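Chemist: So the chains spell out like this:
2 protein chains.
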Amino acid sequence: MPHWTTLVAEKKQRQLQSIPQDWLVTPPPDSTLDVTSFPETCGLLNAREIEITNTSVDALLERLASAEWTAVEVTTAFSKRAIVAHQLVNCLTEIFVDRALARAAELDDYLKKTGKVVGPLHGLPISLKDQICIKGLETIMGYVSWIGQYADKNAVLVDVLIECGAVPFVRTNVPQTLMWPESFNSVFGRTTNPYNRSLTSGGSSGGEGALIALKGSPLGVGSDIGGSIRIPSAFCGLYGLRPSYWAYSVPSVFGPMTNSLGGVKAFMKAVVNAKPWLKDPLAVRKKWDEDEYNLADHGYGKDLCFAIMWNDGVVVPHPPIRRSLEITKAATPEGGPQSSTVQSDIWNAGSPEDFMITTSVTGEPIISTMELDDADPAVSGFRPQNGGITAYKLWQVQKLRQNIRKEYLDHWEATASETGTGRPVDAIICPAAPFVATPHGKNKYANYTTVWNSLDYPAAIFPVTTVDSTLDGQEPPHGFYDDFDKYVYEMYDPEKFKNAPVCLQLVGRTLEEEAVIKMTEIVDAALTATK
Amino acid sequence: MPHWTTLVAEKKQRQLQSIPQDWLVTPPPDSTLDVTSFPETCGLLNAREIEITNTSVDALLERLASAEWTAVEVTTAFSKRAIVAHQLVNCLTEIFVDRALARAAELDDYLKKTGKVVGPLHGLPISLKDQICIKGLETIMGYVSWIGQYADKNAVLVDVLIECGAVPFVRTNVPQTLMWPESFNSVFGRTTNPYNRSLTSGGSSGGEGALIALKGSPLGVGSDIGGSIRIPSAFCGLYGLRPSYWAYSVPSVFGPMTNSLGGVKAFMKAVVNAKPWLKDPLAVRKKWDEDEYNLADHGYGKDLCFAIMWNDGVVVPHPPIRRSLEITKAATPEGGPQSSTVQSDIWNAGSPEDFMITTSVTGEPIISTMELDDADPAVSGFRPQNGGITAYKLWQVQKLRQNIRKEYLDHWEATASETGTGRPVDAIICPAAPFVATPHGKNKYANYTTVWNSLDYPAAIFPVTTVDSTLDGQEPPHGFYDDFDKYVYEMYDPEKFKNAPVCLQLVGRTLEEEAVIKMTEIVDAALTATK
Numbered sequence: 001m002p003h004w005t006t007l008v009a010e011k012k013q014r015q016l017q018s019i020p021q022d023w024l025v026t027p028p029p030d031s032t033l034d035v036t037s038f039p040e041t042c043g044l045l046n047a048r049e050i051e052i053t054n055t056s057v058d059a060l061l062e063r064l065a066s067a068e069w070t071a072v073e074v075t076t077a078f079s080k081r082a083i084v085a086h087q088l089v090n091c092l093t094e095i096f097v098d099r100a101l102a103r104a105a106e107l108d109d110y111l112k113k114t115g116k117v118v119g120p121l122h123g124l125p126i127s128l129k130d131q132i133c134i135k136g137l138e139t140i141m142g143y144v145s146w147i148g149q150y151a152d153k154n155a156v157l158v159d160v161l162i163e164c165g166a167v168p169f170v171r172t173n174v175p176q177t178l179m180w181p182e183s184f185n186s187v188f189g190r191t192t193n194p195y196n197r198s199l200t201s202g203g204s205s206g207g208e209g210a211l212i213a214l215k216g217s218p219l220g221v222g223s224d225i226g227g228s229i230r231i232p233s234a235f236c237g238l239y240g241l242r243p244s245y246w247a248y249s250v251p252s253v254f255g256p257m258t259n260s261l262g263g264v265k266a267f268m269k270a271v272v273n274a275k276p277w278l279k280d281p282l283a284v285r286k287k288w289d290e291d292e293y294n295l296a297d298h299g300y301g302k303d304l305c306f307a308i309m310w311n312d313g314v315v316v317p318h319p320p321i322r323r324s325l326e327i328t329k330a331a332t333p334e335g336g337p338q339s340s341t342v343q344s345d346i347w348n349a350g351s352p353e354d355f356m357i358t359t360s361v362t363g364e365p366i367i368s369t370m371e372l373d374d375a376d377p378a379v380s381g382f383r384p385q386n387g388g389i390t391a392y393k394l395w396q397v398q399k400l401r402q403n404i405r406k407e408y409l410d411h412w413e414a415t416a417s418e419t420g421t422g423r424p425v426d427a428i429i430c431p432a433a434p435f436v437a438t439p440h441g442k443n444k445y446a447n448y449t450t451v452w453n454s455l456d457y458p459a460a461i462f463p464v465t466t467v468d469s470t471l472d473g474q475e476p477p478h479g480f481y482d483d484f485d486k487y488v489y490e491m492y493d494p495e496k497f498k499n500a501p502v503c504l505q506l507v508g509r510t511l512e513e514e515a516v517i518k519m520t521e522i523v524d525a526a527l528t529a530t531k
Numbered sequence: 001m002p003h004w005t006t007l008v009a010e011k012k013q014r015q016l017q018s019i020p021q022d023w024l025v026t027p028p029p030d031s032t033l034d035v036t037s038f039p040e041t042c043g044l045l046n047a048r049e050i051e052i053t054n055t056s057v058d059a060l061l062e063r064l065a066s067a068e069w070t071a072v073e074v075t076t077a078f079s080k081r082a083i084v085a086h087q088l089v090n091c092l093t094e095i096f097v098d099r100a101l102a103r104a105a106e107l108d109d110y111l112k113k114t115g116k117v118v119g120p121l122h123g124l125p126i127s128l129k130d131q132i133c134i135k136g137l138e139t140i141m142g143y144v145s146w147i148g149q150y151a152d153k154n155a156v157l158v159d160v161l162i163e164c165g166a167v168p169f170v171r172t173n174v175p176q177t178l179m180w181p182e183s184f185n186s187v188f189g190r191t192t193n194p195y196n197r198s199l200t201s202g203g204s205s206g207g208e209g210a211l212i213a214l215k216g217s218p219l220g221v222g223s224d225i226g227g228s229i230r231i232p233s234a235f236c237g238l239y240g241l242r243p244s245y246w247a248y249s250v251p252s253v254f255g256p257m258t259n260s261l262g263g264v265k266a267f268m269k270a271v272v273n274a275k276p277w278l279k280d281p282l283a284v285r286k287k288w289d290e291d292e293y294n295l296a297d298h299g300y301g302k303d304l305c306f307a308i309m310w311n312d313g314v315v316v317p318h319p320p321i322r323r324s325l326e327i328t329k330a331a332t333p334e335g336g337p338q339s340s341t342v343q344s345d346i347w348n349a350g351s352p353e354d355f356m357i358t359t360s361v362t363g364e365p366i367i368s369t370m371e372l373d374d375a376d377p378a379v380s381g382f383r384p385q386n387g388g389i390t391a392y393k394l395w396q397v398q399k400l401r402q403n404i405r406k407e408y409l410d411h412w413e414a415t416a417s418e419t420g421t422g423r424p425v426d427a428i429i430c431p432a433a434p435f436v437a438t439p440h441g442k443n444k445y446a447n448y449t450t451v452w453n454s455l456d457y458p459a460a461i462f463p464v465t466t467v468d469s470t471l472d473g474q475e476p477p478h479g480f481y482d483d484f485d486k487y488v489y490e491m492y493d494p495e496k497f498k499n500a501p502v503c504l505q506l507v508g509r510t511l512e513e514e515a516v517i518k519m520t521e522i523v524d525a526a527l528t529a530t531k
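From first to last, the protein sequence lines stand for chains L and C. The first sequence begins at 1 in this note's numbering and counts up one residue at a time. The second sequence begins at 1 in this note's numbering and counts up one residue at a time.
Don't read these hints as lab results, they were simulated from the structure. Hints may contain errors.
If several chains are the same, the list does not tell them apart, and a pair holds so long as it fits within one copy or across any two.
[Said to hold, decoys possible] Below, a list of computed lysine-lysine pairs in the DSBU-like style, where the Cα atoms sit at most 35 Å apart:
1) Lys496 <-> Lys531
2) Lys406 <-> Lys269
3) Lys12 <-> Lys399
4) Lys279 <-> Lys116
5) Lys279 <-> Lys302
6) Lys116 <-> Lys275
7) Lys11 <-> Lys406
This one's a predicted model, so the numbers in the text were calculated from it and none came from an experiment.
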């Protein structure tokens, strides 16, 4: 058997060969941190391709359905931009543009002949995290030992997307093991953040985050066991949704990452209405509910009341995060319907033990030793527990987790007495992490996302602002919760995080995806109105 | 601490004191096997009380809502009949008629004052399996050691039912551990079958089965981890429904047992529309779907196609079961909409290993040593495995179970090519057990029910006929699958099972309760039409 470095070299060579040679560009030097404008200035994309790739998912779907744009030209445009993006931030793994263009041509033919679209995502290029199998392709998932293993069938979700008319065209980078919120492995190397390449794009769906931020894909599919959709969405300034579990026993769920909420809605509605439960026995049989989308369970959107969670009682967020919460709080009363906020202590009522216990159940992802500087203090708590536990012990932990879920449900219901609307708090708005995208190797705290996995609450990410060194100066030290809180505090420096997007998280109740999307739309519109 | 027999004697004394003394009757001698007519001839119930207790749930709810009958008189009538039933078949545990009558009086007052019902189950007496906690009452669940432990709060389902206007009034007997399909324990003794007291009423919700068969309750709540609703429903000639899991990790689900399908529907609709997910974090957020009830996913009921599973490839059913399948097959083409059946081998395609593996995952209930004759052959396979397994092993078994669920789903979908309707088989009709109610201690095979728990398919029980010694003579020996199949074959004798009800099971797809209820209504109407 060849040495592992030989296997990697061969794989990288094959990857290079999968790129059309005339799409190779000369990227800016590493010292250029912000590369977001490069794809439009590098000369590879013509004006129409730039227009296509700058179009939001809803508008793309309309123009594809009306044959104003063909699937082939849309796929070509995104493929070119994806290849440029890859040369900037190293975001791709499998590249199969030929296959995608062949599928796009079929779709164009079908539409021409029948006058009908194949499905609700007709002609939309979709990128996939390097975890979602496609027949005939390797799924390396960051493991050298998986090089050369070709899938003999599509993942169920790929079949569903193809039925919906989507065009898978690239797969994207992840961390080795998937269990780390940065995207770095021995096969494909490290993905960087296009807003500031000295920062991480997050993980585990970090290739998606970087690619979509550069508009190299209109919509990507990530998976989220503890924040793997939300962290890269937040670090790269995207919209993303972690749905409720589709499964009884598999804590990882697939969800969309994209540049507009329209894309999130289009993906969720298309996938749910494709009846995935006829293909996946663990998918919940629950159709897209337009009534829930219209906030039937939230007074049809009248006087929405959001609880703001300023910090989790374990790690205090950095200044830009705090500012984004203030912006959102200020924006929501004026936005669309009347809104208000309850600064409710219940969401951070000193239950870090709860969180720790709870997250340990889902297989909390912060178990790697992939940091660049292993000498960091206070990270030992994030290392994996060695040795297995018994099934009996696991049941005890699951029982404990159920009790915690019941406790939180009762808490949430009890807020009805505080809101003034007669309803409990409609959603929670909170940080997605205590920081924006961190320098590589420093993203070591995921409890702002994992807590909602543990409770199985759906959560959407939405962008608010970017780091501003004038507005986001370091604050004087607070009373630190512990050494790790101090470590995070000391990590901050506005120059270091220059230009990084700042996103927040809107959290709803289990299997309430429709309402979470609608409420995020309302908040997003309110933020836009105040800009 | 007193000797356990003293504790039991004291408890039985308290139980006796909870019965109004003028409701005590002189039951027939033990040699009288069929006691179903006794409640109406014993003289305790007047004509109106007999009329009330013979009324189906839908009609009861209408008359209660229109104040034609008061909740107090309905509760009184069922309480009296329940007490008579208890004296015949030993079906009750906790008796709290005073509390129920006080609640009924409140409901009557409310209706009188407001002209409105409290909820969709306004004034309906409901009996509960001795597992479902009620504040201030013991929940003994067959354990002597639980005598004297009083609940400090209601189970969530009890709160939901009370909100819906129901009136809990008695709790009913179960086996020690709940993990045995007959109802016998050291505290309350053995519940017998009112159609033939030498037979079991089944378990674990066997007190419910016997009580409802004697019309001592219009509707009971059982729980089902492997057949505990369906086995007593089938053995006592009732309608019952095992819903899909409401929970991700708790395989036991609550469901209704009653004398009409109207009762099954009223219960499910009321409970689901009460939004149990606001009280129980494991309840699936899915409203009652009238469209699914109208069989939107089954061609709106046009040309329904049922697969008949004649046997499970492990144990061949007794003659009355086979006859009931033939009656149902013959009835369905003429019943209501056009129906047909596919004798599809896929449902028993020699996968007993699958079943065994699968049922072992859910905690298959046949693990007790409660049989009367421990010397029976071939029961060792049904004893519990000693010693724990690791969480890793459990995950492997769960993974295997998921693969099996996927395999069955694909099988079911593939039947579209066989039905002639363009749709897959709409439902499966199969035995609920290979036998009708067995003699006490002989109910040792539950795979006809557990298989659907493993696959998480909802399943309804419906009555077809009763054992007829002329029509149901013993058949010549078949080629036995194994010794246990032979043992079951040799157990049969039409005289032994005299007068026992024969029921079947209709099985649908996960979270498709509405359609399962509707299809069972269609089959039931077809059977009625041929009688």
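Chemist: I'd like to know which numbered hints this structure contradicts. Please list them from smallest to largest.
Modeler: As far as the earlier hints go, not one is violated by this structure.
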